[in-house]
Amino acid sequence: MNSFLSIEKLTQRFPDGAGGELTVFDDASFGVEKGEFVVILGHSGCGKSTIMNILAGLAEPTSGVVKMDGELVRGPSLDRGVVFQNYSLLPWLTTLKNVTFGVQARYPDWSKAKVIAHATEFLAMVGLEGDVIHRKPSQLSGGMRQRVSIARAFANHPKLLLLDEPFGALDALTRGTIQDELLKIWGQMEQTVFMITHDIDEAILLADRILLMTNGPFARVAESVEITIPRPRNRTEIIEHPNYYAIRNHLVQFLGKRSKELSGHPSTPGETNRPTPVRIDKTIPADDPEDQQPALRVVNS
Amino acid sequence: MATLSENKRAALLSILLLLAGLFVWEMSIPAQKAAGELTEYELLTGGGQPKAGVPPPSQVLAKAWEQLSDPFYDAGPNDKGIGIQIGYSIYRVLTGYLLAALIAIPLGFLIGMSSVAYKALNPFIQVLRPISPLAWMPLALFIIQDSEASAIFVIFICSIWPMLINTAFGVAAVREDWVNVARTHELGPIKTAFTVILPAAAPTIVTGMRISIGIAWLVIVAAEMLVGGTGIGYYVWNEWNNLDLTSVIFSILMIGVVGMLLDAAFGFLQRRVTYIE
Ligand SMILES: Nc1ncnc2c1ncn2[C@@H]1O[C@H](COP(=O)(O)OP(=O)(O)OP(=O)(O)O)[C@@H](O)[C@H]1O
Ligand SMILES: [Mg+2]
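Chains as they are written, first to last, in my numbering: chain A, 1 to 301; chain B, 1 to 277.
The hints are simulated quantities; they were obtained by calculation from the structure and are not laboratory data. Treat the numbers as computed from the prediction; the structure is a model and nothing was measured. Heads up, some of the hints might be wrong.
As the list claims (entries may be wrong) - A short list of chain A residues far from chain B (calculated; beta carbon distances all over 10 Å):
1. 4
2. 17
3. 49
4. 67
5. 132
6. 134
7. 173
8. 179
9. 184
10. 198
11. 257
Unchecked claim - Ranges between beta-carbon positions, derived for each pair:
12. 115/B with 139/A: 34 to 44 Å
13. 139/A with 264/B: 24 to 34 Å
14. 277/B with 189/A: 24 to 34 Å
15. 127/B with 74/A: 39 to 49 Å
16. 176/B with 256/A: 28 to 38 Å
17. 66/B with 113/A: 52 to 62 Å
18. 110/B with 135/A: 31 to 41 Å
19. 176/B with 142/A: 17 to 27 Å
20. 135/A with 94/B: 32 to 42 Å
21. 113/A with 115/B: 34 to 44 Å
Glycine included, every Cβ here is placed at the ideal spot set by N, Cα and C.
Isolated chain A (complex conformation):
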């Protein structure tokens, strides 16, 4: 309840085009702690982007509230940086100007030189240096554009960073590089991150916690899976960690089967809609029943 970011009884309905209503999700409640990296996983159309737009303040929910730092989210804010799925760079500005655009908005009293130095620093952080930063987005590769978009968001030091499938359009190799860069920057800045993805391995690599959504309509944030793999993580080494496959299997199981089984019913009154916490840890000897219980339930099922 007292999380850094708390989502309470969020409901979103849209007109379904046939005169009726489509309830995307109903009474969803969850929290995100300060400095946490939370990834939300769910099938296409379950309402992830809708949730993100509401968190960003770009859309209004049908009912329910979002609070950040105890304050109601009423509209977009510089405190919530967004990396849009399609990069959303301004094509008439150069790479550098796309970033200074944000920095200027955030720090209006900075001198021009300071703004440029700051933007250049963040572009360098995502590996964009030299001539590249004076090119227009149309002259960059997809991966480079994505990095500009990430640099723009990070350079503003938002309290919360919202990433909507930020690597969706990238090939595996570029994706890996940018994931590493993202982790590096996140490690340096202790930012709170909320990210959408379709990619299970990406989610395990990046997240402290994974929220699992059931299919829509009436989607629910059903489980909150803790990623019990220590940081720093490395894509080649984490697969050797004893928890990796246990967690991965749990996620695959959920998305493959249970997301369907759990979907489709309106919430029953009185039922709590908070996600069930799940902790899978095979490194701890089995003498701690509380920790082991959810894991056993899942692994044995």
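Starting from the structure of chain A, add chain B with the ligands where the hints point.
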């Protein structure tokens, strides 16, 4: 030939076509008939005067040389240099055009941003737009009581529509993603208009401005023929009354050249604001 670039070959072909055209023109003008061979009718209609026939290009070139070597002479109301006449026309076009831009672009912004404004103003636009600008002339002359201002008004009214419609269309079509970028950066409405919507819609707006300037230049000639006094349109008409066809042809060419330059200026502006998504 094969070693020349495409552009050079095209330029060469253009010059050849020009020379061939001028040659055919020159050759097809029969030598002036001697005055004695003229019929009475020809005499009455002015056929007997030396300048009454369509002049050959050599004569037009000579005229052009004469006019362009002293374009700004001023020898009374009916005898001014071509430079002065074109200057008057450009002044009228730019005045009317800028006034139109001043109204069309902000109003277009409003219409593009608000569907209520669009729906409210659309019927007026649809009725006013197809009216030939010259149809306004009598009303303008009556109300404004000044031929100069009436000509400017006619330019204003004909150049406002393409700018208004293109601005509204360009603004309405700005991608929501870009507006969301402005929103997440907490830009106010004015800042959003100038830093996001204007550059995003600029290519469409400038296309409208380019169409408008073209129309304005077409209309000014006709308007000046009506109101008289000064300007390239009046000049053409005046030379026709003098039966100086050499000057008429020369000024027609000048109208084309100035129109081309105006268009080129906006073409340049258009390239400056165009972006690739
Ligand atoms: N403006 C809208 N009007 C009507 N229905 C909408 C609107 N926006 C979203 N929806 C519906 O809400 C549901 C959730 O959409 P959303 O974009 O949040 O899905 P998503 O989980 O992000 O999917 P994906 O993974 O494919 O991006 C979909 O069924 C969609 O059709
Ligand atoms: Mg989505």
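### Message
Hint by hint, where does the structure go against what was stated? Just the numbers, ascending.
### Response
Violated hints: none; all satisfied.
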